[in-house]
Amino acid sequence: MSRRSIRRPTHRAPSSSAVVAVLIAFCLVLAGCSGVPHSSRPEIVRPVNNTSPSVSVGQAPSAGDDPRAIVQGFLFDAVYPEAKHSLSRQYLAPDAANKWQDNPVTVVDDDNFSVGVTTAGGDAAQVEVQYRQVGEISAAGIFTPETAGTGVGKASTAVYTTRKVNGQWRIDSLPNGVFIRSTSFATRYLDRPLPLYFFDSTGTRLVPDIRYSALAEDEPVAQWLFTQLLAGPRPELQAAVQSEIPDSVDPKRAAVKLSGDVVEVELPGSSQLDSASRARLAIQLAFTFSTLAFGSAKLTLTDGGKPVTIPGAGTVFSASPDFTSYSPDNSATGAQQYYLRTGGLYSGLDNRPVSGPVGAGAYALTSLAVRRSGVAAVTVVGVDTSRRLMLGAASGPLIPVAVPSSGGSLSLPEFRPYTSSANPWVASGTTIYSIDAARVAHVVSTPASLSGGGLPKGEIETLRFSPEGARLAVVVKSAVDGTQALYIGSVVTTTNNVTSIEDFKAITPASVEVQDIAWKDATTLLMIANSGSSTRLQSVVSDGSQLRTLQAVNLPPGLSRVAAAIGQPAVVSAGPQGHLTLWVDRGPSWAPVSGSDQTSAGDAPAYAP
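Using the UniProt record's numbering, the first residue of the sequence shown is number 1, and each one after it goes up by one.
Watch out, some of these pointers could steer you wrong.
As the list claims (entries may be wrong) - List time: in silico DMTMM-like cross-link candidates among lysine to aspartate or glutamate, alpha-carbon distance up to 25 angstroms: (1) Lys-99 / Glu-136; (2) Lys-306 / Asp-274; (3) Lys-252 / Asp-303; (4) Lys-520 / Asp-247; (5) Lys-257 / Asp-218; (6) Lys-477 / Glu-513; (7) Lys-164 / Asp-95; (8) Lys-252 / Glu-266; (9) Lys-298 / Glu-264; (10) Lys-154 / Asp-123; (11) Lys-298 / Asp-329; (12) Lys-298 / Asp-172; (13) Lys-306 / Glu-264; (14) Lys-257 / Asp-303; (15) Lys-164 / Asp-66; (16) Lys-154 / Asp-109; (17) Lys-84 / Asp-123; (18) Lys-84 / Asp-274; (19) Lys-99 / Asp-172; (20) Lys-520 / Asp-261; (21) Lys-257 / Asp-322; (22) Lys-298 / Asp-261; (23) Lys-306 / Asp-329; (24) Lys-306 / Asp-322; (25) Lys-298 / Asp-350; (26) Lys-164 / Asp-109; (27) Lys-306 / Asp-261.
Note that these hints are calculated values from the structure, not bench results. Please read all numbers here as calculations on a predicted model, not as lab measurements.
Working from the sequences, and respecting the hints, build out all of it.
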């Protein structure tokens, strides 16, 4: 019995994903206004108790509520999932109550959201909801950021038509979905992301697929997660990952339930899988359900009600301790820090140059990536002041690699993790190259996504692989307006050979000028970016949510480069050009890497796992 492959051919006719629609409930703090919405600042009408997300604080409509109060009440209560939204549907006329669906969820900017009556006459009235969109969450829990301008989109209006039913105002016509203000979304849902997990194409490493749901109790969350897992990964990951759920599984016969502190998963046919497939299936399930029971959920897998034995774990298993080594956020054991000083390669272990001409600065490097394949086997790839790609052992010599030029500079180079050989990657223009063992540069295909997305025309400034190597983050400088934005694509492979990088998606708003990036863990990136008039250290989740400015206590201005690795402190270079120094995150403040800024001169920090 084969496992469920999510891989799709590089070229095919567009088709819709098999996604099962599941009701999602979201919490909302609504803003009202005292008059016409254009003329007054919204005020909070009914705050939500964010400390008890599973307890509804809504209320039924009151007799005599006017149209605006009815719309406000509906928007507030529509986020509660109890009894299929029976409370919020009391604000709707009968026909509207039967048709309304609670998705998509629109995340709106706090300061640009208002509700007010625009037209009224007799027994009918229209109520406008005015907003700017930060992002949208689909029924499958996939967040899509708004990337135009500052990331809050253009001014938009949703119209709710009300009429009198038995003498009381009710909503007769309305758009599907609910609204949630960005602060409420951040405090209530971003603190509990619900990632699904799939294996990369080699079947050896897990790749997280972040989802969000308003469901608060473990039982409905488990049902929701299972439905999404059966439906498969988000579109942009479909070519890069695979599910271990057998192809033959009938979703109508598959089921999940909680029995005490154990998640019981019924998957018909799972007992017929070979031992390796059963192990991978158990790992995928264990990590997907690890968000339940405060992260310590135990699972059992059954086929026809009979327990299925998992190799090395028995019939009861969990992500930890049974499969800890498969965690996408495993610490990069022994990851070492390197950096450049006056063009030479230095080791962060002792703040001294590596032995040989590379450490002595003979190659005048301006950027680098480092890979270790043993205690002493260290490979370096860098760009020198002549814009040449240089490759070789850290002890030297470095040999130039011919990379076709687009007329601009080469990007910061990179090594892909978990590959059998130290073949570097670099970009020229928006063309990405992989360098083979013979130092020959090969073009890596970057086809446009089925939805028409892809990389814009311009230059790739930086490329960075995610820790498991299944995704590639790039900073692209637009040829149209010179803005620099973060994009993430999926790595499509055959065995261990990359065939293409597909489905690049924009992650950051146009107003955020991204300079450099580094993966902090499997789902979070650190960025040096210009926001307004200042350069800041920021973080963003790989789906574009949770764009935040980080604390920079003691960190000097003039941020240049950033480096990070799982389980390691972030390192940045900062200061005036020609006098850059290296700083390490000591939480809650930053400190020079070697104890004082006088001995911490350097740039282009990098971690070598």
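Now for the hints, and whether the structure bears them out:
no. : hint              : verdict
1   : Lys-99 / Glu-136  : 21 angstroms, holds
2   : Lys-306 / Asp-274 : 17 angstroms, holds
3   : Lys-252 / Asp-303 : 14 angstroms, holds
4   : Lys-520 / Asp-247 : 34 angstroms, violated
5   : Lys-257 / Asp-218 : 10 angstroms, holds
6   : Lys-477 / Glu-513 : 9 angstroms, holds
7   : Lys-164 / Asp-95  : 13 angstroms, holds
8   : Lys-252 / Glu-266 : 11 angstroms, holds
9   : Lys-298 / Glu-264 : 9 angstroms, holds
10  : Lys-154 / Asp-123 : 32 angstroms, violated
11  : Lys-298 / Asp-329 : 20 angstroms, holds
12  : Lys-298 / Asp-172 : 46 angstroms, violated
13  : Lys-306 / Glu-264 : 11 angstroms, holds
14  : Lys-257 / Asp-303 : 14 angstroms, holds
15  : Lys-164 / Asp-66  : 10 angstroms, holds
16  : Lys-154 / Asp-109 : 11 angstroms, holds
17  : Lys-84 / Asp-123  : 28 angstroms, violated
18  : Lys-84 / Asp-274  : 41 angstroms, violated
19  : Lys-99 / Asp-172  : 10 angstroms, holds
20  : Lys-520 / Asp-261 : 32 angstroms, violated
21  : Lys-257 / Asp-322 : 21 angstroms, holds
22  : Lys-298 / Asp-261 : 7 angstroms, holds
23  : Lys-306 / Asp-329 : 33 angstroms, violated
24  : Lys-306 / Asp-322 : 21 angstroms, holds
25  : Lys-298 / Asp-350 : 44 angstroms, violated
26  : Lys-164 / Asp-109 : 32 angstroms, violated
27  : Lys-306 / Asp-261 : 19 angstroms, holds
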